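Q: Each chain, letter by letter, is given below.
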Amino acid sequence: MNKTQYSAFLYIAPIFMLCLIFLLYPLIYTFKISLYEWNGIDDAMTFIGLNNYMAMLKDPLFFKSLSNFIIFAVLVISIQMMLGFLLAYMMRKGSGLFTLYKTLIFIPVITTPVVVSYVFNHILAYNDGLINITLRSIGLSDLALSWMANPDIALYTVIGVVVWMGTGFSMSVYVSALTSFSHEVLEASRIDGANKWQTIYRVVWPMLRDTHYSLSIIGAISALKIFDIVYLLTRGGPAHATEMPSTYMFNKAFNTYEQGFASAIAGVIIMIAILITMIQLRLSRNTHS
Amino acid sequence: MLNKRVEMYRHMTLLIIVILFAIPLYYLLSTSFEYRGFGNYWNALTKVHLERNLWNSTVVTLFTVLLVCVVALPAAFAFSKMRFPFKNSLYLIMLMALMIPGIAIAVPVVQIIKQLGWFNQYESLIFPYTALMAPFALILMKGFLDQLPKELLEASVVDGCTVFQAFLKIYAPLSKPVVVIVSVFTFLGSWNEFLFAMLFMRKESMQMVTTIPIKFQVDFYTDLPGMFAALVIIQLPLLILYIVFQKVFKEGLTAGAVK
Numbered sequence: 001m002n003k004t005q006y007s008a009f010l011y012i013a014p015i016f017m018l019c020l021i022f023l024l025y026p027l028i029y030t031f032k033i034s035l036y037e038w039n040g041i042d043d044a045m046t047f048i049g050l051n052n053y054m055a056m057l058k059d060p061l062f063f064k065s066l067s068n069f070i071i072f073a074v075l076v077i078s079i080q081m082m083l084g085f086l087l088a089y090m091m092r093k094g095s096g097l098f099t100l101y102k103t104l105i106f107i108p109v110i111t112t113p114v115v116v117s118y119v120f121n122h123i124l125a126y127n128d129g130l131i132n133i134t135l136r137s138i139g140l141s142d143l144a145l146s147w148m149a150n151p152d153i154a155l156y157t158v159i160g161v162v163v164w165m166g167t168g169f170s171m172s173v174y175v176s177a178l179t180s181f182s183h184e185v186l187e188a189s190r191i192d193g194a195n196k197w198q199t200i201y202r203v204v205w206p207m208l209r210d211t212h213y214s215l216s217i218i219g220a221i222s223a224l225k226i227f228d229i230v231y232l233l234t235r236g237g238p239a240h241a242t243e244m245p246s247t248y249m250f251n252k253a254f255n256t257y258e259q260g261f262a263s264a265i266a267g268v269i270i271m272i273a274i275l276i277t278m279i280q281l282r283l284s285r286n287t288h289s
Numbered sequence: 290m291l292n293k294r295v296e297m298y299r300h301m302t303l304l305i306i307v308i309l310f311a312i313p314l315y316y317l318l319s320t321s322f323e324y325r326g327f328g329n330y331w332n333a334l335t336k337v338h339l340e341r342n343l344w345n346s347t348v349v350t351l352f353t354v355l356l357v358c359v360v361a362l363p364a365a366f367a368f369s370k371m372r373f374p375f376k377n378s379l380y381l382i383m384l385m386a387l388m389i390p391g392i393a394i395a396v397p398v399v400q401i402i403k404q405l406g407w408f409n410q411y412e413s414l415i416f417p418y419t420a421l422m423a424p425f426a427l428i429l430m431k432g433f434l435d436q437l438p439k440e441l442l443e444a445s446v447v448d449g450c451t452v453f454q455a456f457l458k459i460y461a462p463l464s465k466p467v468v469v470i471v472s473v474f475t476f477l478g479s480w481n482e483f484l485f486a487m488l489f490m491r492k493e494s495m496q497m498v499t500t501i502p503i504k505f506q507v508d509f510y511t512d513l514p515g516m517f518a519a520l521v522i523i524q525l526p527l528l529i530l531y532i533v534f535q536k537v538f539k540e541g542l543t544a545g546a547v548k
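Chains as they are written, first to last, in our numbering: chain A, 1 to 289; chain B, 290 to 548.
What the hints contain is simulated information worked out from the structure, not anything from laboratory work.
Take these hints with a grain of salt, some might be off.
Label pairs and their in silico Cβ distance ranges [as the list claims (entries may be wrong)]:
#1 Ala-13/A with Arg-299/B: 54 to 60 Å
#2 Thr-347/B with Leu-20/A: 25 to 31 Å
#3 Lys-492/B with Arg-92/A: 46 to 52 Å
#4 Tyr-298/B with Asn-150/A: 32 to 38 Å
A quick note: this is a predicted structure, and the numbers were derived from the prediction, not measured.
Just so you know, even glycine gets a beta-carbon here, dropped at the ideal spot from N, CA and C.
Start from the sequences and build out the full structure, keeping to the hints where you can.
A: Shown next as structure tokens:
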């Protein structure tokens with residue numbers, strides 16, 4: 001039974017063929033296009049070496065999209081994790097009501113981005129949106145901001161919407177992590193005189209290290225992949241305030257047809273993805289050994 | 290006394306958070322019934338022929354789910370139970386494939402679809418979706434198969450089965466739980482996908498439910514309830530899926546997060 005089984009290649013051939021044609025070949029092709037000047041329509045492609053990358057490094061909008069991405073990723077990941085953890089911890093002792101709560105918080109996770117974007121566009125509208133109507137009716141007109149059109153606020157509005165969509169996921173993961181958690185530990189810390197907050201900070205939170213780690217890796221990857229909800233909510237605007245590398249790349253590729261330049265941005269996105277993967281592999285090797 | 294007050298604060302905080310989370314959902318649902326009740330839903334189906342787009346999404350989603358399972362399960366079996374050269378490097382390639390964002394390969398994939406002449410055809414979405422989602426399926430399935438004993442294979446080979454028969458008759462049926470998890474998550478991902486659906490399905494009659502609401506903005510310009518009824522219809526299959534497979538969602542999340 002321990003001999004090499006070449007027939008194994010037949011089992012993995014279909015998945016590799018598909019991923020080769022629609023994933024890995026495009027991946028390499030992206031790097032190739034990034035060395036050309038090309039509009040994506042004509043046959044004419046001009047080789048310009050690293051000029052697209054040079055242009056990218058001089059492009060303030062590219063750096064704007066990168067810094068937006070970093071703010072977005074850090075805030076979304078940390079808020080989702082802390083809120084998800086708190087919700088899971090508060091609801092760790094199950095009752096019927098809590099099942100309903102968890103369901104309500106989880107539904108946004110499975111909600112289609114296009115539906116989310118239309119609902120929030122109407123909730124957040126300046127003149128007749130639900131939030132501003134409510135704020136004005138209770139005499140807080142000063143807080144009735146232009147949530148989507150003000151460049152200083154729009155990014156945080158988008159972050160809020162994404163947190164709404166994703167907290168249910170981290171909550172569910174923490175719920176199942178806490179289920180396998182021994183309750184004796186909690187009681188022991190109680191007996192040792194730790195108060196509620198000390199128990200959370202010093203005992204429960206550190207013991208969920210693996211879960212935090214998984215969630216931050218998943219969060220980093222999904223932040224990098226984010227496109228649809230940002231595109232649908234703001235198209236990266238106003239004035240590029242919510243521009244992400246993905247929306248900026250899309251804009252360059254399919255609106256202004258600078259596909260060479262767009263591919264250079266795509267190359268950077270791919271390299272960030274590879275970097276995150278390598279950090280993950282390195283860290284998981286450390287924790288397992 | 291103190292404990293009781295703490296408990297009360299805890300419940301109040303929870304209730305406020307839950308209400309905040311539920312408001313957008315409630316707003317969507319209540320607006321969709323304004324003025325004409327179910328008439329809004331009737332309008333959405335008859336006026337803009339949403340059923341055509343629902344059908345498109347259903348076809349693409351079901352074929353993607355099927356194809357993902359068909360290509361991922363045998364591969365997971367090979368990676369879990371067979372010995373072959375380059376096994377680890379090939380698996381690493383699949384781990385890397387998991388991280389590739391669709392947007393980063395959009396430009397070349399458009400060229401590939403163009404060359405295949407697949408614009409406005411179901412294949413243009415089914416195959417790229419399968420490629421994007423199969424690596425995740427493979428990792429979940431391998432994790433599951435790793436827990437099944439290798440002795441099952443050895444014993445059946447001794448009994449005169451071929452390896453493929455052992456896979457088909459023993460391991461595949463035992464893998465049913467993970468196949469369900471993978472199917473549910475592939476369904477979700479494929480139904481909700483937006484970017485490729487927008488790029489490849491340009492003819493109105495071929496559009497997916499995720500891109501068609503952009504057109505609704507014009508059709509329902511003065512009819513917000515009608516628009517929201519259409520949105521609820523788009524959402525309904527996923528809601529049903531979630532209610533039916535609630536347990537699967539929980540297990541899948543745990544499995545996915547650990548991997």
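Q: All hints, please: hold or fail.
A: So, going through the hints one by one against the coordinates:
For the pair Ala-13/A and Arg-299/B, the beta carbons lie near 55 Å from each other, so the given range of 54 to 60 Å is met. The given range of 25 to 31 Å is respected by Thr-347/B and Leu-20/A, whose C-beta atoms sit roughly 28 Å from each other. For the pair Lys-492/B and Arg-92/A, the supplied restraint of 46 to 52 Å holds, since their beta-carbon distance comes to about 51 Å. Our hint of 32 to 38 Å for Tyr-298/B and Asn-150/A holds, since their Cβ atoms are close to 34 Å apart.
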